[in-house]
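A.B. asks: Sequence:
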Amino acid sequence: MTKARMKIARRIAVVIAVALGTALTGLGETVTNVRGMQRENSNLVDIYYDLEVSEGGSYKVEVQIEGRTNEVNAATFTGDVGNGIAPGRNHHILWDAGADWPDKKGDVKAVVTATKDKHKGVQLWAGGPYWADRNVGASSPEDYGLYFWWGDTTGHRPSGTTFSFNFSSSNTPTYNKTPATLQSEGWVVSQNGTYVLAPAHDAAHVHWGSSWRMPTYQELSDLCYKCDWTWTSQNGVHGFIVRGRGAYASNSIFLPAAGYGLGTSLYGAGSLDYYWSSVPYSDSYYYSWGLYFSWGNHRTYYDNRRYGFSVRPVQGSTK
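Mind the numbering: the sequence shown is residues 1 to 319 in my numbering, read in order.
These are calculated hints, taken from the structure and not from any lab test.
A portion of the hints provided could be inaccurate.
Claimed, not checked - Computed list of lysine-lysine pairs in DSBU-like fashion (alpha-carbon distance at most 35 Å, straight line):
1) K60 to K104
2) K226 to K120
3) K226 to K104
4) K105 to K60
5) K118 to K226
6) K116 to K226
7) K120 to K60
8) K109 to K60
9) K116 to K60
10) K118 to K60
What the hints assert, rightly or not - Quick list of simulated restraints, FRET-style, between CB atoms:
11) G268 to P102: 58 to 66 Å
12) Q218 to A249: 18 to 26 Å
13) L44 to C224: 40 to 48 Å
14) T232 to A180: 37 to 45 Å
15) N33 to I241: 36 to 44 Å
16) G270 to P199: 26 to 34 Å
17) Q218 to A75: 36 to 44 Å
C-beta atoms are modelled at their ideal positions from N, C-alpha and C, and glycine is treated no differently.
Given these sequences and hints, build the entire structure.
C.D. replies: Structure below.
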């Protein structure tokens, strides 16, 4: 991952209560339009930047504060900083200069750096999300990755065809609860009129960072009907190549036939797979939406939350 020094986008010299001036610089091929301002009568500094790229994926964003003669030991940043930052404009970072540089005065420079996340995303239709190239827990597109009950963020990997974890109703805290109950307990939140798993219970978000999440029911449905599906073997692993159409025909992802976990056993590996969405099924006590496929079929499907299914992260547009 390369980092290219860019010219200072804008210099700001503001003098207020703590007489703190800021000069802002973007580093990295993707960071542009860095600007900022110290808040009036405050030790807080707002830093804005654009993160523009031609492909999906996420980035690790870091900030370094430099004084005229030495680096300031600054660490109190919030907002669009850290792992899992998606491309976009007007990203915002808030620096608490009072906490990191108490009772100090002088000009400083904030250096914003963005480096490419190891996880890749590809868009398969106009306005759709970016789909990850592999499952959560996978080291390659062909790796099955981890298996999750619905709402699980730990994930479980079998040894051969046996899990040390038991995918059962007694081990599934989201089992036997309506969406309303799940919301009252913090498992789900309401988003655009639909219940979805809260970020703290979204396996993609927890494992990969803030811009990644589990797909919605509608996004899994669109994946079925807006793309072309071809059963194949990739590097010796059976599964589907899912390819966009028209202008997106050169974009594709591979979904390995990872099977599913039930009890302590792995079933169907090499011939079928299930993927969880973030959406519970209607007012059901037991089911949530997902995606099912076998060599001759693919469709959205609701199933029991106790099953161990794969998770394929997405980022971007939410439906």
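A.B. asks: Against each hint, give a clear statement of whether it holds in the structure.
C.D. replies: Okay, the hints, checked on the actual structure:
For the hint pairing K60 with K104, the CA-to-CA distance comes to about 29 Å; that is within 35 Å, so the pair holds. Proposed proximity of K226 and K120 is supported: the alpha carbons are some 21 Å apart, at most 35 Å. Our distance criterion of 35 Å between C-alpha atoms is broken by K226 and K104, whose separation comes to about 57 Å. For the hint linking K105 to K60, the alpha-carbon distance of about 30 Å falls within 35 Å, and the restraint holds.
The suggested pairing of K118 with K226 holds, with an alpha-carbon distance near 27 Å, which does not exceed 35 Å. With a C-alpha separation of about 28 Å, the suggested pair K116 and K226 falls inside the 35 Å cut-off, and the hint holds. The hinted pair formed by K120 and K60 meets the criterion: a straight-line CA distance of about 13 Å does not exceed 35 Å. Proximity of K109 to K60 is assessed by CA-CA distance (about 20 Å); at most 35 Å being required, the pair is judged to hold.
Only pairs whose Cα atoms come within 35 Å are accepted, and K116 paired with K60 is accepted, the gap being roughly 6 Å. Proximity of K118 to K60 is assessed by CA-CA distance (about 10 Å); at most 35 Å being required, the pair is judged to hold. Taking 58 to 66 Å as the suggested C-beta distance range, the pair G268 and P102 conforms, at roughly 60 Å. Distance hint for Q218 and A249: a CB-CB separation of about 22 Å, consistent with the stated range 18 to 26 Å.
In this structure the hint that L44 and C224 lie 40 to 48 Å apart at CB holds, the actual value being about 47 Å. A hinted range of 37 to 45 Å holds for the C-beta pair T232 and A180, which are about 42 Å apart. Checked against the hint of 36 to 44 Å, the pair N33 and I241 passes, with Cβ atoms roughly 38 Å apart. Look at G270 against P199: about 33 Å separates their beta carbons, and that is inside 26 to 34 Å.
Under the hint 36 to 44 Å, the C-beta atoms of Q218 and A75, about 40 Å apart, fit the expected range.
The structure fails to meet hint 3 from the earlier list, while all remaining hints are met.
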